[in-house]
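Undergrad: Letter by letter, the chains look like this.
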Amino acid sequence: MSEEYARHLQHLENLGLGRLYPRRPRISVAMASCGRAAGSEKIYRALGDELESRGIDAFLAPTGCPGLCSREPMVSVLAPGKARVHYSGLGPEDAGPLLSALAAGEVYLKNALGAETEDHLVISGRRISLGPLPEGLGPMAGLDFYRPQVRLATRNCGCIDPFSVHEYIGRGGYRALREALSREPAEIIREIKKSGLRGLGGAGFPTGVKWETAAGAGNGEKYIICNGDEGDPGAYMDRSILESDPHSVLEGMIIGAHCLGARHGIVYVRAEYPLAVKTISHAIAQARELGLLGKDIMSSGLGFDVEVVRGAGAFVCGEETALIASIEGRPGEPRPRPPYPTREGLWGRPTCINNVETLANIPLIVHRGGEWYGSFGTAGSRGTKVFALVGKVKNSGLVEIPMGATIGDIVLSAGGGPDRGKRLKAVQTGGPSGGCIPASMTGIPVDYESLAGSGAIMGSGGMVVMDERVCMVDMVRYFMSFVAGESCGKCAPCRDGTAEILNILDGITLGRGRPEDLDTLAGLSRLVKGSSLCGLGQTATNPVLSTLRYFRNEYEAHVKDKFCPAGVCRQLVIYRVDPDLCAGCGLCAGDCPGGAILGGEGRTRAIEPDSCTRCGACYEICPQGAIYFTGRGISDAMDDH
Amino acid sequence: MNIINRHTSPNGRVLSILEEFQRKYRHLPEEALRAAAGELGLPLGQLFGVATFYTSFSLRPRGDRTIGVCHGTVCHVKGAGRVAAELEKALGVAVGGTTADGRYTLESVKCLGCCSLAPVASIDGEVQARISPEAVVKLLQPAAPGGESGE
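So the sequence lines, in the order shown, correspond to chains A and B.
So in numbering that gives the first Met the number 0, the last one in the first sequence is 640, and the numbering has no gaps at all.
So in numbering that gives the first Met the number 0, the last one in the second sequence is 150, and the numbering has no gaps at all.
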């Protein structure tokens, strides 16, 4: 790299620092998909309007996802010399009062979550002191949700404007690339192997080994593909990284290009993520302008360019050979491996496919060293993993934790446990390919081996919390309907096996189950697992097998007693009112979609069974706990059929 | 047709072209598929294969507005089924269908990745957080009969 380019980068870094720590207040509004859905655009506009009408000189920045999605919309304010204050759940009406306080040099305390007194730039290790903790506020890092976290892959998410390459560089971005370009590819690959980084998209294959294979696959045309086809329902860390910090992924890819000798890169993003397509496309254009992509990257002679390919709505395209078929313009059907894509991939050429989160870690490993990265986590599972902590849990969002933390650390500490005082029943990891871990096993560590031993998997990092009101049979029926619908149909075990399993589960949830169904389910599940063509089919029945292992009694209640203990399978429950507990408030009547609540103002209520849709709305809303459900009795349940 | 020629990179070319056709015509007309097959030198069967494999594409016209009820895991446990049922009732079509007047298509989408705000639905690609069956029906009101604007 030329001296001139080094000076250029230094200049860009200064520009970025000037935006991140301006001499006037910086107001950041989290505007990734979650934030937008929760109304952040309205707040952003209101803040912009108020700034203008009041003539306040402040810098308004749209930032990415800070992770605490259930508390969106989130806003933060950094005034020079003061701590950064974070807010949750502000509305447009708060814009005026917030800015009044800011102009008066005061801290607006309404809806304030906490404050940051210093920033830690993970790449450089640099700490920037902001200001003392304001009175009445605790540190953000002290919040249950953030306390166990180590944010490596998500180091910039929520901190920077994803549309500003300067802010990325300001936080140490593209330093790793600068160093990588002056180092031998083999040396960098050794560093990545040393880090222990494994593919974070689900399969957990050692990244360094994959790179080494692709690097050794001749000197001809090669491709590097970023797999952003995040299809697991319940996992969205890749969307968040692409939307919040797209350059971290690009930088990982460019370093990859240098190591593997690839000249073409593709970011494959699923169709359901329009904002991610926009941010990564914008980042690519910016990188080209600055000479970070193109024919002569950083004046080093390296030539590499990246394009975005949008998926078109097919879960199976997350599988690498299906993804390649999709890019080549064919239906996304997997093919048998070997040959692996690293030998024979896109257009028959060697192709290295890495997941978004994996690539975002690369710059960090290159700059801080494999040993440093490997110091997080456990011996077999190094580093961190981002989990989408979602479902029936108080604090919900993206948590990045060192491998080896326990399920309890994540769900009970960061997540705060189940919401609304309910009892934890299970934690589902790995989406439709994963399994359910019962509440009694929250002590197991989250690493590849322990999770696999429990019958669940790390997978892409979906972690769905389930309370007593989630029916495990219905849950599994949901996953099977998902995979049966998404099976590409190429191989019979997956195509027909999942359909038949779904058929049996449908019967069980409708009250038609027979005790022998459980053995059939187990047998079919093992068959599909053992004989499907691709990874999706091979894991598609994990939810069945793991729930049969831990929640067999719940299946038995459905097939033998025709009763759904969670009250979810509507054919198998009947709702009643306990007259001794009913206070006659009538809240239930207001919420009943079927008009099934009998009894007038102030009187004890009753439920008219024929009009009752068994949705459970009354059960959920009753402040007295006077509504309960029982089984309908075997004969009643059978009468329906 | 310039939609076909506009996409020059071989990578993702078929998907990009069909996606643009889909956006323009709200479905993939047979003539468009034939033209693309001819121009790209691909068998028509391959294009039909792609058109029917991916859920983004449709051979029949979709409505002016598309409502996608998210059926991700969390939305499922938080009542996506009720939201969908309420919309089916309000629009008079089953999930996957388009209203007779061609205004709305009701779809089930796999996961919008906004799980912390579940249940969610997207209306023309914009995600609506913590949607209740009642609220989602209300959202459609501005465009209800007589209230249409800008066309």
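Keep in mind that the hints were calculated from the coordinates and are not lab data.
Note that beta-carbon positions come from the ideal geometry of N, C-alpha and C, so glycine has one too.
Please note that the accuracy of each hint is not assured.
Pairs of lysine-lysine residues, derived as DSS-like cross-links and limited to a Cα-Cα distance of at most 27 Å, are as follows [claimed, not checked]: (1) Lys88/B - Lys41/A; (2) Lys23/B - Lys277/A; (3) Lys421/A - Lys393/A; (4) Lys393/A - Lys109/A; (5) Lys109/A - Lys81/A; (6) Lys41/A - Lys109/A.
According to the in silico footprint, chain A covers these stretches of chain B (three or more CB under 8 Å from chain A) [stated by the list, open to error]: (7) 23 to 35; (8) 125 to 136.
Undergrad: Run every hint past the structure and note whether it holds.
TA: Right, here's what the structure says about each hint:
no., hint, result
1, Lys88/B - Lys41/A, "31 Å, violated"
2, Lys23/B - Lys277/A, "19 Å, holds"
3, Lys421/A - Lys393/A, "10 Å, holds"
4, Lys393/A - Lys109/A, "21 Å, holds"
5, Lys109/A - Lys81/A, "17 Å, holds"
6, Lys41/A - Lys109/A, "18 Å, holds"
7, 23 to 35, "violated (count 0)"
8, 125 to 136, "holds (count 5)"
The structure fails hints 1, 7 (numbered hints given earlier, in ascending order).
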